[in-house]
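J.: Fit chain Y to the given chain F structure using the hints.
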Amino acid sequence: MSTPPNIDPEHEKNGPALPEDAPSGRRGFLKSAMGTMAGLAVTAGVLEPLRSLKDAPSLEEFLQQHYTKLTPDLMDQVLRRVEALMGEEYGAKVRVNDPKPLEGVEFAYALNLTRCNGSRRCVYACMKENNIPLDQPEMAYIRVLEMNIDSLDLEEGNVQYEASAVPREGKYYLPIQCHQCRKPPCTKVCPVEATWTEPDGITVIDYNWCIGCRYCMAACPYEARRFNWTKPSFAADEINPDMGYLSNRVRPRGVVEKCHFCLHRTRLGKNPACAEVCPTGSRIFGNILDPEGKIQFILKNKRVYILKAEAKTIPRFYYFFDN
Amino acid sequence: MTKTGFPTILAGMALSASILSCSPQAPLAQAAALYERDLSAGLYDIEPVRGEPRPLRLHRDGDEFECSICHEGFSGDLGDAALQGEHKDLQFNHGLNLLCLNCHHPTNSMAYVYHDGSEIPDDQPNRLCAKCHGPHYREWLLDIHGRVNERWDGGGEPKKLNCIQCHNPHHPRFEPMAPEPPPTLTRFDARPPGGPLQ
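Read top to bottom, the protein sequences are chains F and Y.
Okay, so the first sequence: first residue is 1 according to our numbering, each after it adds one.
Okay, so the second sequence: first residue is 1001 according to our numbering, each after it adds one.
To be clear, the hints were calculated from the coordinates, so they are not data collected in a lab.
You may find that some hints are simply not true.
Listing some non-contacts, in silico: residues in chain Y with all C-beta distances to chain F over 10 Å [what the hints assert, rightly or not]:
1) E1086
2) K1088
3) M1110
4) D1122
5) I1144
6) H1171
7) P1172
Here are the in silico distance ranges between beta carbons for each label pair [what the hints assert, rightly or not]:
8) F:R80 to Y:L1043: 31 to 41 Å
9) F:I149 to Y:K1088: 14 to 24 Å
10) Y:T1184 to F:R80: 29 to 39 Å
11) F:Q160 to Y:E1047: 19 to 29 Å
12) F:S233 to Y:P1181: 18 to 28 Å
13) Y:Y1035 to F:P57: 16 to 26 Å
Restricting the straight-line Cα-Cα distance to at most 27 Å, the calculated cross-link-like pairs of lysine-lysine (DSSO-like) are [said to hold, decoys possible]:
14) Y:K1160 to F:K300
15) F:K183 to F:K93
16) F:K302 to Y:K1159
17) F:K31 to F:K100
18) F:K300 to Y:K1131
Where a beta carbon is used, it is the ideal one built from N, C-alpha and C, also for glycine.
Here chain F stands alone, though its shape is the one from the complex (with noise of 0.2 Å):
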């Protein structure tokens, strides 16, 4: 075959044209319209079912970058967005922040368990703070395990007991949640880096990176992580209006949560609200680096016992007894 006479001998001696070489004029415009249609039409098409689909995650949503790689500038639409989407599907005025850690902070727990007496305050506080509906109460970060008051095999521990008053004849009461581990394996096993510790010492989750795998779950040994089954839903007036980025704002389905020690509140120098709530004063929330502070008072002069202490997790949260 002859070759066609409008193709130039010398440019296919050349091999493909280079950018500086692409064909211009009618024909290299022709070109390029014909792909960008292309590209419309196959992005359209390839984002249709994701236009028709409820509750999908807007572009914007869907297209967001990991928390680490926003800018101020970024963040802060990603925070109105948030706003909006809340006022949207629930009808809330909120405000969302996103309180940066303290510089010579580091936060840790301390939790008596001479004190505690299992009367479960804590536990619905931490579910009106952080936005987690009341009737799922397994959702809840905190459990608070009966206990043999001669054993600490939490085998034997029961989360569902019931009674007509607390604390019960031959028992005490040993409350679970995130232990903030200074080597958390929740956040090794991570295939997206969506979980991390802050330099504060609180391990968090972007809610938006999550993939839902939860490996995290299975890697955690205090079992501190749920993951969200369902949306959750609320009333309008149910919701805590005051949300952190990184916290207590209402997580998507299908993401892994966990207790961050309210670090929306103790950011701003407030305890977290398991601590405000306790009738007995059994949590004791502090700066683990303040030499005068109560944390290192605690640790130099009580008996502290460190929750499943062989699997090395190094938590910053303790379990003392009072002498």
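T.: Only chain Y this time, still in chain F's reference frame:
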């Protein structure tokens, strides 16, 4: 597709992305209609179990009586006889501390008594408890004993509770309380055998 076609397809994708993204945004219009929750009352109950501190009074049938109404002329310890009459309903279980005048002032019935016989005003009951409970008092001063509703960083107003806002001085052991309901079983446990996940 030629090499020049690929970047233009990308451009097309970006263009269509921006078209799609512009479509469903209208939250600002309804912003005024959104429910704004008032958080001034707090999300949860942080009231101490025995409420606000109260002055030293006799509480009977919803009324308060000053102790001096009866105790005007009394002096000295009445022993067990004191737990008759107006005080016969008193639940008294304070370990080895069995005498009224260990705590109450012998002549000024509106005050407590210190080791040396001096008065402790009834709005400072912590000093009275510190007479015997030194270690607990020390830990209370350090915010380690008892509930604290202050900020962890030491800012804001100090809000220390008195001993008697959690402990009944005549029956000081922390009262048992009704627990909140337990968590339900997970949805795996709740589904019927072989039934679908909900």
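J.: For every hint, state whether the structure bears it out.
T.: Verification of the hints:
1. For E1086 of chain Y, the non-interface assignment is confirmed: its Cβ lies about 29 Å from the closest Cβ of chain F, beyond the 10 Å cut-off.
2. The Cβ of K1088 of chain Y sits about 26 Å from the closest Cβ of chain F, beyond the 10 Å cut-off, so the non-interface label holds.
3. The claim that M1110 of chain Y lies off the interface holds: its Cβ sits roughly 29 Å from the closest Cβ of chain F, which is beyond the 10 Å cut-off.
4. Here D1122 of chain Y stays apart from chain F, with its beta-carbon at least about 23 Å from theirs, past the 10 Å limit.
5. For I1144 of chain Y, the non-interface assignment is contradicted: its Cβ lies about 6 Å from the closest Cβ of chain F, within the 10 Å cut-off.
6. Listed as a non-interface residue, H1171 of chain Y keeps its Cβ farther than 10 Å from every Cβ of chain F; the least gap is roughly 15 Å.
7. No Cβ of chain F comes within 10 Å of the Cβ of P1172 of chain Y; the nearest lies about 14 Å off, and the non-interface call holds.
8. The hinted window of 31 to 41 Å between R80 of chain F and L1043 of chain Y is violated, with their beta carbons roughly 24 Å apart.
9. Roughly 36 Å separates the CB atoms of I149 of chain F and K1088 of chain Y, a value that falls outside the hinted 14 to 24 Å.
10. At about 36 Å, the CB distance of T1184 of chain Y to R80 of chain F agrees with the hint of 29 to 39 Å.
11. For the hinted restraint 19 to 29 Å between Q160 of chain F and E1047 of chain Y, the CB-CB distance of approximately 28 Å keeps it satisfied.
12. The given range of 18 to 28 Å is respected by S233 of chain F and P1181 of chain Y, whose C-beta atoms sit roughly 19 Å from each other.
13. A hinted range of 16 to 26 Å for the beta carbons of Y1035 of chain Y and P57 of chain F is consistent with their spacing of about 24 Å.
14. Annotation: proposed proximity of K1160 of chain Y to K300 of chain F holds, straight-line Cα distance about 23 Å (limit 27 Å).
15. Note on K183 of chain F and K93 of chain F: the hinted pairing is violated, with a Cα-Cα distance of about 38 Å set against a maximum of 27 Å.
16. A C-alpha spacing of about 25 Å is found between K302 of chain F and K1159 of chain Y, which places the hinted pair at or below 27 Å, so the restraint holds.
17. Restraint check for K31 of chain F and K100 of chain F: the C-alpha separation of about 49 Å exceeds 27 Å, so the hint is violated.
18. Restraint check for K300 of chain F and K1131 of chain Y: the C-alpha separation of about 25 Å stays at or below 27 Å, so the hint holds.
Checked against the numbered hints listed earlier, the structure breaks hints 5, 8, 9, 15 and 17; every other hint is satisfied.
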